[in-house]
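Student: Okay, here's what each chain looks like letter by letter:
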Amino acid sequence: MRRLQRIVHVEDDESIRAIAKVALERVGSFTLLSCASGNEALEKTAQFAPDMILLDVMMPGLDGPTTLKKLRETMDLTEVAIVFMTAKVQSSEIEYYKSIGACNVVLKPFDVMTLSEQLGKYWTEFNGE
Amino acid sequence: MANEREASIQKEMAKLRNEFHDRLIVELEEFVAYSSLPDQEICRTETLQKLYEASHRLAGSALTFGYSDTGNLLRRLEGALDAILNQGAEVNVLSIRRQLNVLAPAVAIPSETKKNLAAQSTATESSALAQPMSNSVLLYVLEDDPSTSDLLKIGLSSFGYNVSTFTDIDTLCDSAKKERPDALIVDIEKKNIAEHTLANVAKRLREDGMQALPILVVSQYDSFTEKLEAARNNVVAFLSKPVNIPALESNLEFVLQPQTKSPYRVLLVDDDIYSMEHHRLMLDKWGIMAHALPDPSKILDVIEEFQPDLMIFDLHMPSCTGVELAEVVRFHTHWIHIPIIFLSSERNEGRQISAMMTGGDDFIVKPVVEENFVATIMSRAQRARQLAELMTRDSLTGLLKHTEIKERLGHEYSRADRNKSVVSVAMLDIDKFKRVNDSYGHQTGDVVIATLAHLLRRGLRATDIVGRYGGEEYLVILPDTDAERAAIKLNSLRKEFEKVKFRHKNEVFTSSFSGGICQSDKVKNIDEFLEQADLALYRAKERGRNQIVQSDDTD
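Quick mapping for you: the protein sequence lines, in order, are chains A and B.
Be aware that the first sequence starts at -15, since it is given in my numbering, and climbs by one per residue.
Be aware that the second sequence starts at 14, since it is given in my numbering, and climbs by one per residue.
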């Protein structure tokens, strides 16, 4: 199994981007590309060649699901684990994200110290354990 | 090496927390500024959309940084705007204004969340700055008898409330629209003015969009009919005359406290970690502090340590069933007031009933519907907490009773010992209290006692514990605080207290208190801990009263 190394994080809120940066780069030692909007992600993701994309669901302009759809038009995502971040915990909601290609969901607010670990688990699952 | 890295991560986190705190204050001010826009501006779709996006964004980060009270207020606003923008709900300008107004930067206080590292150190730092005695609470009194009106005004002012009195409902409503009072006290005495019946007052408030204003009733009539009318008109408290000011004050405290109250604590026991985590997150999102326990055999220690308001047991666990677990817990009668709710996918009625019979209080079928689940937990936890408070709190002051505060001191002392931290204890005593009682009577003495209680509760941190140790004696526990800092804090409260003016008939007098402080690592056991604080108090009295003395300050 490939190691999880490169992660794109798409989130409109600067404070959450900053704290996720600590969680993923410092606690998790991943290589991170932070994007402030769906459009920025569309510009930069393909070149960054991520292992995983972490997408906030609700953003102004392009929301998470739309960003994912557009990304898929520009690049091959079959090898990329897609994880949504949301505050909604309804299981129907989670099912919906899975149906559009997410491998799992991170619930907000997330825990800074364990986020990396959680993504690591999702990565293992994504690769068929 | 690992420690170094951890320390540097902590440092970065602290920096982010500070930055976020500044941002939060600025953005909350922006929200509040919106509330002063004219109605038609607020109602514009663009404005609503902007507020919707802004509240969503800030709610997410506020919760991430551990500001759960603020985050939940923002979530509520977001929900209301979502309903308007996306589900066709009607715009209620007043309700939006009110929700914007409560976001005043005062709410930017991080709540204590064990789990969320982002919250930890700011929680202690900023609350150590202390919430000042809140004189920002504005009370309206509707009363046509001038002597009762004076009594309420003077009595409640001494507790730090701002009080405005009114004799007619029209003036009151006009003024309320501008000033937004926090609560209304209505006397439903036989009225000189016929339209001051409770139903009319409530109707007027509704017409002016102030149905959310809590109403407290004082009445000479104590009958069922009166109370039923009160209940029908959303009255939150009903007090008989003559008005007992400390009792009214503690009712007010209760009514006004939802914003300041510490989060409900819920213990979840479930062997299915995924489902447990799912429920935990649901509760967490609504500001309920949930502790997840996968191993039922550890439950007794966890209850002791976590002190839940409510427990949720999964009914089907491999090592023991939820019903059995409830029976084990019920062997301990001092936890009898903690409700137990069972969770199961079992829909069978008979099973449900048998589950209730043995130690449990309610039954929820999985999968749970979030809103119903959270509402059930909240209302049960609230009721349980009220009961627990009645059991453990002194009725005059609302502080912990003697046995309870001693027990808490025991907990905090051993916790500090385990964690290699310090806790300070302070023994306080009102100076020359007997003279107050002898010269002004017991009722006035009670006001002095209740006032100091109130001042301590408001002036100290949520994590500090205050109890009424004896007649005019108080015990204060300050976790994670050394004697030096405890003394600084208590000295500032002492100075505040000596400024409070009490009134008896036409006489105005002041009071003061003395205190002795001891720090936990200076003593070998809990008895010595109390003894040293008591000795220090004795020295403070000897040195002329109205001062705070530390146990190692022996001249």
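Don't read these hints as lab results, they were simulated from the structure.
Using N, Cα and C, we set each Cβ at its ideal position, and we do this for glycine too.
Honestly, I wouldn't trust all of these hints.
[Said to hold, decoys possible] Here are a few chain B residues that face chain A, going by a calculated C-beta distance under 7 Å: (1) E19; (2) I22; (3) Q23; (4) K24; (5) E25; (6) L29; (7) N31; (8) F33; (9) G73; (10) L76; (11) T77; (12) L294.
Student: None of the hints should be skipped; say for each whether it holds.
Tutor: Comparing the hints with the structure gives:
| no. | hint | verdict |
| --- | --- | --- |
| 1 | E19 | 9 Å, violated |
| 2 | I22 | 5 Å, holds |
| 3 | Q23 | 10 Å, violated |
| 4 | K24 | 10 Å, violated |
| 5 | E25 | 5 Å, holds |
| 6 | L29 | 5 Å, holds |
| 7 | N31 | 11 Å, violated |
| 8 | F33 | 5 Å, holds |
| 9 | G73 | 5 Å, holds |
| 10 | L76 | 4 Å, holds |
| 11 | T77 | 4 Å, holds |
| 12 | L294 | 5 Å, holds |
Consistency note: the structure conflicts with the earlier hints numbered 1, 3, 4 and 7.
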